[in-house]
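In order, the protein sequence lines correspond to chains A and B. Oh and the first sequence: position 348 is 347 in numbering that gives the first Met the number 0, straight run, nothing missing. Oh and the second sequence: position 157 is 156 in numbering that gives the first Met the number 0, straight run, nothing missing.
Note that these hints are calculated values from the structure, not bench results. Be careful, since some hints might not be right.
[As the list claims (entries may be wrong)] No farther apart than 35 Å at their CA atoms in a straight line, the calculated lysine-lysine pairs in the DSBU-like style are these:
no., chain 1, residue 1, chain 2, residue 2
1, A, Lys426, B, Lys275
2, A, Lys260, A, Lys171
3, A, Lys435, B, Lys18
4, A, Lys465, B, Lys260
5, B, Lys91, A, Lys424
6, A, Lys180, A, Lys219
7, A, Lys192, A, Lys160
8, A, Lys424, B, Lys182
9, B, Lys91, A, Lys412
10, B, Lys275, A, Lys435
11, B, Lys91, A, Lys261
12, A, Lys144, A, Lys76
13, A, Lys260, B, Lys91
14, B, Lys147, A, Lys418
15, B, Lys18, B, Lys182
16, A, Lys175, A, Lys219
17, B, Lys275, A, Lys270
18, A, Lys465, B, Lys223
19, B, Lys18, A, Lys418
20, B, Lys264, A, Lys435
21, B, Lys15, A, Lys424
22, B, Lys223, A, Lys426
23, A, Lys465, B, Lys91
24, B, Lys223, B, Lys18
25, A, Lys359, B, Lys135
26, A, Lys266, B, Lys91
27, B, Lys264, A, Lys426
28, A, Lys485, B, Lys91
29, A, Lys412, A, Lys505
30, B, Lys15, A, Lys465
31, A, Lys270, B, Lys91
32, A, Lys485, B, Lys3
33, A, Lys204, A, Lys160
34, B, Lys3, B, Lys91
35, B, Lys182, A, Lys426
36, A, Lys465, B, Lys275
37, B, Lys275, A, Lys418
38, A, Lys505, A, Lys465
39, A, Lys270, B, Lys223
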Amino acid sequence: MSPTDLAVQQQQNSAGKQRVVNDFSIQVATVNGSGSQTANLVLLRSLLLMGIPASGKNMFPSNIAGLPTWYTIRASKRGYIARKKEVDFLVAMNPETAKEDVLTLDAGAAVVYDEPLKLSSLRDDLVFYPVPFDKLVAPVCPDAKLRRLVRNMIYDGILAKLLGIDLALMEKALNKQLGKKAKAVALNSGALKAGWDYAEANLTKQDPYALQPMNETAGKILIEGNAAAAIGCMMAGVTVVAWYPITPSSSLCESLIGYMKKYRMDKTTGKATFAIVQAEDEIASLGMVIGASWAGARSMTATAGPGISLMSEFTGLAYYAETPAVIFDVQRVGPSTGLPTRTAQGDLLSTAFLSHGDTKHLMLFPASVEESYEMAMEAFDLAEQFQTPVFVMMDLDLGMNNWMSNGFKYPEKPINRGKLLTASKLKELGQWGRYKDVDGDGIPYRTIPGDGMPSYFTRGSGHNAKAQYSERPDDYVDNLDRLARKFETARKFVPKPEVDTVSGAKSGIIAYGTTHWAITESRDQLREETDVKTSYYRLRGYPFNESLAAFIDAHERVYVVEQNRDAQLRQLMKLELSPERCAKLRSILHYSGLPIDARSVTEDLLAQEGFEVAKKEVRVVEAGLSGMTGGE
Amino acid sequence: MAGKVNRIGLENITYKGSKTTLCAGCGHNAISERIIDAFFEMGVDPEQVVKLSGIGCSSKSPAYFLGTSHGFNAVHGRMPSVGTGAMLANKKLIAIGISGDGDTGAIGIGQFVHLMRRNIPIIYIIEDNGCYGLTKGQFSPTADLGSKLKTGVINDLPPIDTCALAIELGATFVARSFSGDKKQLLAILKAALAHRGTVMLDVISPCVTFNDHEGSTKSYSYVKDHDDPLEEVSFVPFFEDISVDYAPGSTQEVTMHDGSKLLLKKLEAAYDPTDKIAALKRLHETARRGEFATGIIYIEPDREDFLEQLNIIDAPLATLPLEQVRPSREALNEIMDGLR
């Protein structure tokens, strides 16, 4: 959504501090497996119900229960939904990390904490609100076994009172979150009320943070990128899905299963118009996808970096034998197992050229849940149009976090199944060759088993235009050159970049995927705080098109901002750009595993522009990560 | 002069492929010939057949039969997944996969295991010669303990018995044959075409170039001398109105899912190929004697196949029209409302 200034004025409170309205972040530190996700989502939904633009980001361990987890909710009246580095309001529920969580806050922050943790003595520049959670939960939850799960809802009640959320509205959010589970709703509702009542009777508001209703969320949906992509796949008419569970991509296929079972059962027979198979590994997943696509199905898989590595050989086969395949890469932090529950854009280079020999692949870069939905559909069309693997490069931040969005639009175009040979086309061509380039675009006509058209022998070994085995040098060269021609054709068909050229801007920014949200905010910071104007090129597809060179030519310096160590997009660009253009490129890199934030981009860019930047000590959650050690 | 035609009006020559490039005398060529005969005699429509393979000498052979069918020579050891995908896309297809002992037992053991578990309708044939022919004769995982390479190297690792493994994994049709036994192999292949689910057929197929010498347990002469048939296999397809007379108790009759009959004339009184535990016991006993039990080793004719388990619509998924694969505007609205 577009940032908007609103009529909420900054006001002075009685203590003389400036009130901060609808522009702060709340971090809840808990232990995973404690049911905190419900409380956090109810809080997030409450903000959206108040009409306040908000986003939620979960930082969780690769573990099922017992390790620290942090959930950050950001309210932003201007609609910024990137991660905010600073925590303004902490809810400290986890004894293991509480001390460090408090020590890393900026002065002026507020802390709601579990009273026995005795945190208030740690700092004298924060506002503390002690709450005896155990004492409060007992009366509202007689069943001792459930208390652990209900306890977290109390902090929602506390926050409602302290920040100004209408309790009835929060109950509405609770109903929405828990749906028809009446018993759970009743228990949690009691906990909310207990929190509210305690805060009303015992806590005096001392911090400056407040929420006030706005009107910026009407009609919005709240969804994870993985679920959004799943809806896109279903609307694209996917028929065969093969997958292997891996964080952070599992929920893509799991959501898809849910949607397909509801909306893709044949009305007359009650049978499935799809097949979804949990394969034995990622290799088999892609093998099934290739076999299914070869036999004419719209087929896909979803995985993360380790799966992409395993799919390398099959990807080369699909590229060379020219079978469509749609592969979602919900990127996480590598190399190797890396940080399985953290986000990165680190698979770009390895995916672009995945597999041995001369290979190159189409990639799409969704930045939002809306684009996850749209590009999922686009990926199937491109895969069939170009008879080649198409990678949808998502990341954990996009795939697993909840994002506010406009509702998705119904696809108006029919699906594009590409060049399937028909009887009339065969008559027109006279003679058909599976790998013959009759249209000059590098894309041949294909047939599928059982369609009554001529058959051919598909192979990953050398072949000529008629799909016959061949080791002849001229056949090999002709084929490879045609594949390169096909890739050139794709430049005009992959999603086009979004370019915002600002008159008078000497610097340009290039970014892709979820980095977009930090860039949007950072450009405002640069313009408003230091009067630095920037143009912006948001890449949405690979291969690049000619607009990339034009953008670089129009600026003195171009910052390529990405979430990896090795400047992977910049490296990829350098392979195609002239030395003069390469010389203009600079990098801003972020690779801590946490989503990139605007302030870091702004500071880095200003430093490279020659500004004196007093870089604030980075001591927020990054420093708090010591609590994350020790688990597997 | 027109040759004899089958029940769909095709001649045997329609089922042939291109000229083999394997070594003269290779067992794999004999298997290709039996496949041609079986598909011809069963009247299978070649346009509905997909031929699949991995990598190796065996995996080249789909080019040498059913030349008008679609073929897919995939990557090493991964043909089961490609075949699975193809069958998911179009359940009307008839899939035959050709693998080798290295392609199955070494690099492909993982996919082999899961193919057997799923019971996807594929005729999976291992052309088994105990060595890697295409890379010049290294041992494969089915080489017997003590078997000797041409270079004199002795195999000191135990073999994988793909038939025993398949039974253990839940396969529903497990057979072993010998490329030199025309009659038995043809009957098994015809029965394979009538089976519901995965057919796992291990065919001992000697490598004349690298593994046909004294000291090899996969040479022609060794296999001939150590072939231990479990029964005499004959097959009566559902479309042939033939009644076969046999003395009571002498023959076991198995009714296949399509109504065809598998007639197993007993060579030893006690063997029952529908008894899983007996089948495994028999395989181990034969192997201990250094012999090969051949014939239908285990059969379970009526287990639901994977496609049925998935409750897939009857029409091929590959060609469903847009209105069947894209939910309505109302459906999307309903989903969106649920997310608000």
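Here is how each hint holds up against the structure:
Between Lys426(A) and Lys275(B) the CA atoms are separated by roughly 54 Å; this puts the pair beyond 35 Å, and the hint is violated. For the hint linking Lys260(A) to Lys171(A), the alpha-carbon distance of about 28 Å falls within 35 Å, and the restraint holds. With a C-alpha separation of about 24 Å, the suggested pairing of Lys435(A) with Lys18(B) holds against the 35 Å cut-off. At most 35 Å may separate the alpha-carbon atoms for a hinted pair to count; Lys465(A) and Lys260(B) exceed this at roughly 42 Å.
A hinted pair counts as satisfied when its Cα atoms are at most 35 Å apart, and Lys91(B) with Lys424(A) qualifies at roughly 25 Å. Pair hint Lys180(A) plus Lys219(A) holds up; C-alpha atoms about 24 Å apart against a cutoff of 35 Å. For the suggested pair Lys192(A) and Lys160(A), the alpha carbons sit about 10 Å apart, so the restraint of at most 35 Å is met. Only pairs whose Cα atoms come within 35 Å are accepted, and Lys424(A) paired with Lys182(B) is rejected, the gap being roughly 45 Å.
This hinted pair checks out: Lys91(B) and Lys412(A) have alpha carbons roughly 30 Å apart, not beyond 35 Å. This hinted pair does not check out: Lys275(B) and Lys435(A) have alpha carbons roughly 51 Å apart, beyond 35 Å. Under the criterion of a C-alpha separation no larger than 35 Å, the hint pairing Lys91(B) with Lys261(A) is consistent with the structure, at around 26 Å. The suggested pairing of Lys144(A) with Lys76(A) is violated, with an alpha-carbon distance near 40 Å, which exceeds 35 Å.
With a C-alpha separation of about 23 Å, the suggested pairing of Lys260(A) with Lys91(B) holds against the 35 Å cut-off. Distance check on the hinted pair: Lys147(B) and Lys418(A) sit about 53 Å apart at the alpha-carbon level, beyond 35 Å; violated. Using a Cα cut-off of 35 Å, the hinted pair Lys18(B) and Lys182(B) holds, with the two alpha carbons roughly 23 Å apart. A C-alpha spacing of about 14 Å is found between Lys175(A) and Lys219(A), which places the hinted pair at or below 35 Å, so the restraint holds.
Between the alpha carbons of Lys275(B) and Lys270(A) the distance comes to roughly 33 Å, so the proposed pair stays at or under 35 Å and holds. Distance restraint check for Lys465(A) and Lys223(B): the Cα-Cα separation of roughly 42 Å exceeds the 35 Å cut-off, and the hinted pair is therefore not satisfied. Taking the CA atoms of Lys18(B) and Lys418(A), the gap is about 31 Å. The hint holds against a cut of 35 Å. Between Lys264(B) and Lys435(A) the alpha-carbon distance is near 53 Å, which puts this suggested pair outside the 35 Å criterion.
With a CA separation close to 28 Å, the supplied pair Lys15(B) and Lys424(A) stays within the 35 Å bound. Taking the CA atoms of Lys223(B) and Lys426(A), the gap is near 53 Å; set against the 35 Å cutoff, the hint is violated. Taking the CA atoms of Lys465(A) and Lys91(B), the gap is near 26 Å; set against the 35 Å cutoff, the hint holds. At most 35 Å may separate the alpha-carbon atoms for a hinted pair to count; Lys223(B) and Lys18(B) meet this at roughly 27 Å.
Annotation: proposed proximity of Lys359(A) to Lys135(B) holds, straight-line Cα distance about 33 Å (limit 35 Å). Between Lys266(A) and Lys91(B) the CA atoms are separated by roughly 21 Å; this keeps the pair inside 35 Å, and the hint holds. The straight-line distance between the Cα atoms of Lys264(B) and Lys426(A) is roughly 54 Å, outside the 35 Å bound, and the hint therefore fails. Using a Cα cut-off of 35 Å, the hinted pair Lys485(A) and Lys91(B) holds, with the two alpha carbons roughly 32 Å apart.
About 40 Å separates the Cα atoms of Lys412(A) and Lys505(A), which puts this hinted pair outside 35 Å; it is violated. Of the supplied pair hints, the one linking Lys15(B) and Lys465(A) holds, its CA atoms being roughly 19 Å apart against a limit of 35 Å. With a C-alpha separation of about 16 Å, the suggested pairing of Lys270(A) with Lys91(B) holds against the 35 Å cut-off. A distance of roughly 47 Å separates the Cα atoms of Lys485(A) and Lys3(B); the hinted pair therefore is violated under the 35 Å criterion.
About 9 Å separates the Cα atoms of Lys204(A) and Lys160(A), which keeps this hinted pair within 35 Å; it holds. For the given pair, Lys3(B) sits about 27 Å from Lys91(B) by alpha-carbon distance, which is consistent with the 35 Å threshold. Of the supplied pair hints, the one linking Lys182(B) and Lys426(A) is violated, its CA atoms being roughly 44 Å apart against a limit of 35 Å. Between Lys465(A) and Lys275(B) the CA atoms are separated by roughly 47 Å; this puts the pair beyond 35 Å, and the hint is violated.
The straight-line distance between the Cα atoms of Lys275(B) and Lys418(A) is roughly 49 Å, outside the 35 Å bound, and the hint therefore fails. For the proposed pair Lys505(A) and Lys465(A), the alpha carbon gap of about 53 Å is over 35 Å, so the pair is violated. Distance hint between Lys270(A) and Lys223(B) is unfulfilled; the C-alpha atoms sit about 50 Å from each other, more than 35 Å.
The structure shown violates the earlier hints numbered 1, 4, 8, 10, 12, 14, 18, 20, 22, 27, 29, 32, 35, 36, 37, 38 and 39.
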